[in-house]
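Using our numbering, the first residue of the sequence shown is number 1, and each one after it goes up by one.
Just so you know, these hints were derived from the structure itself, not from any lab. Check each hint, because a few of them may be wrong.
What follows is a list of derived Cβ distance ranges for each label pair [as the list claims (entries may be wrong)]:
1. Thr126 x Leu45: 34 to 42 Å
2. Pro164 x Leu3: 13 to 21 Å
3. His48 x Asp155: 34 to 42 Å
4. Thr126 x Asp147: 14 to 22 Å
5. Thr9 x Asp116: 32 to 40 Å
6. Gly46 x Asp116: 35 to 43 Å
Think of the CB as a built atom: it goes at the ideal place given N, C-alpha and C, for glycine as much as any other residue.
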Amino acid sequence: MELLRDCLTLGVPCMAMARPSGGPFVLSDAERARTVLDAARMIDLGAHGVVFGGITPAGALDDALIAAVVRVVDDVETVFHRAFDHATDATAALEVLIEAGVSRVLTGGHRGGAWDGRAALAHLATASAARIAILPGGGVRAPHARDLLNATGADQLHARATDPGVIAALRAAIS
Numbered sequence: 001m002e003l004l005r006d007c008l009t010l011g012v013p014c015m016a017m018a019r020p021s022g023g024p025f026v027l028s029d030a031e032r033a034r035t036v037l038d039a040a041r042m043i044d045l046g047a048h049g050v051v052f053g054g055i056t057p058a059g060a061l062d063d064a065l066i067a068a069v070v071r072v073v074d075d076v077e078t079v080f081h082r083a084f085d086h087a088t089d090a091t092a093a094l095e096v097l098i099e100a101g102v103s104r105v106l107t108g109g110h111r112g113g114a115w116d117g118r119a120a121l122a123h124l125a126t127a128s129a130a131r132i133a134i135l136p137g138g139g140v141r142a143p144h145a146r147d148l149l150n151a152t153g154a155d156q157l158h159a160r161a162t163d164p165g166v167i168a169a170l171r172a173a174i175s
C-alpha cells in the first residue's frame, strides 16, 4: 500500500495488483478474502484500477472471487491477470469475465508468452466482440511489439519494462 501511495503522488494512473501470494492461482479462503480486502483498500487509496485473479482446482475461473472483487471496486477498472492462462477453457473463461463486468484480461494466449499465443489472442479478441479488452502479455519485446498488435487485433500490450531504454524502445516500436 505504501508503494501505491508513492506512485500515486507522481500523478501517473496506477493499476494495483491484489495478489496475496506469489504462489499458485488456486487461492485458499483466506487468500480470497485478502484479495477482496486489498482490492477495496487500493481503491480507497486512489488506485485507478485493480489487477487480480484466481482459478478453481478444476481449472475454471473463480467466479465467486471475480464477483466479489468487481462488487467491492464498483465502477473502477478491473484486470484479470495471467491466472486466465491456467483456465482449462479460454473461451468459457472469457465469457465468465465479460458477464462479471471485468474490464480487461491479461493473457499470453494460453502459451508461455504473447508472441507464441498470438493466434489464440486473435481468437479471443474476435470472441470478445469488444466486450472486454484483451491485453497481450508475457515476453513482449520491442522487436515484435508492432507485429504482435497487428496479429492479435489488440490495441494495448503489457510488458515488464522497468528500464527506461526498454520503455523507449517499446514506445518507438508501437508509435
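Numbers of the earlier hints that this structure fails to satisfy, in rising order: Hint 3 contradicted; others consistent.
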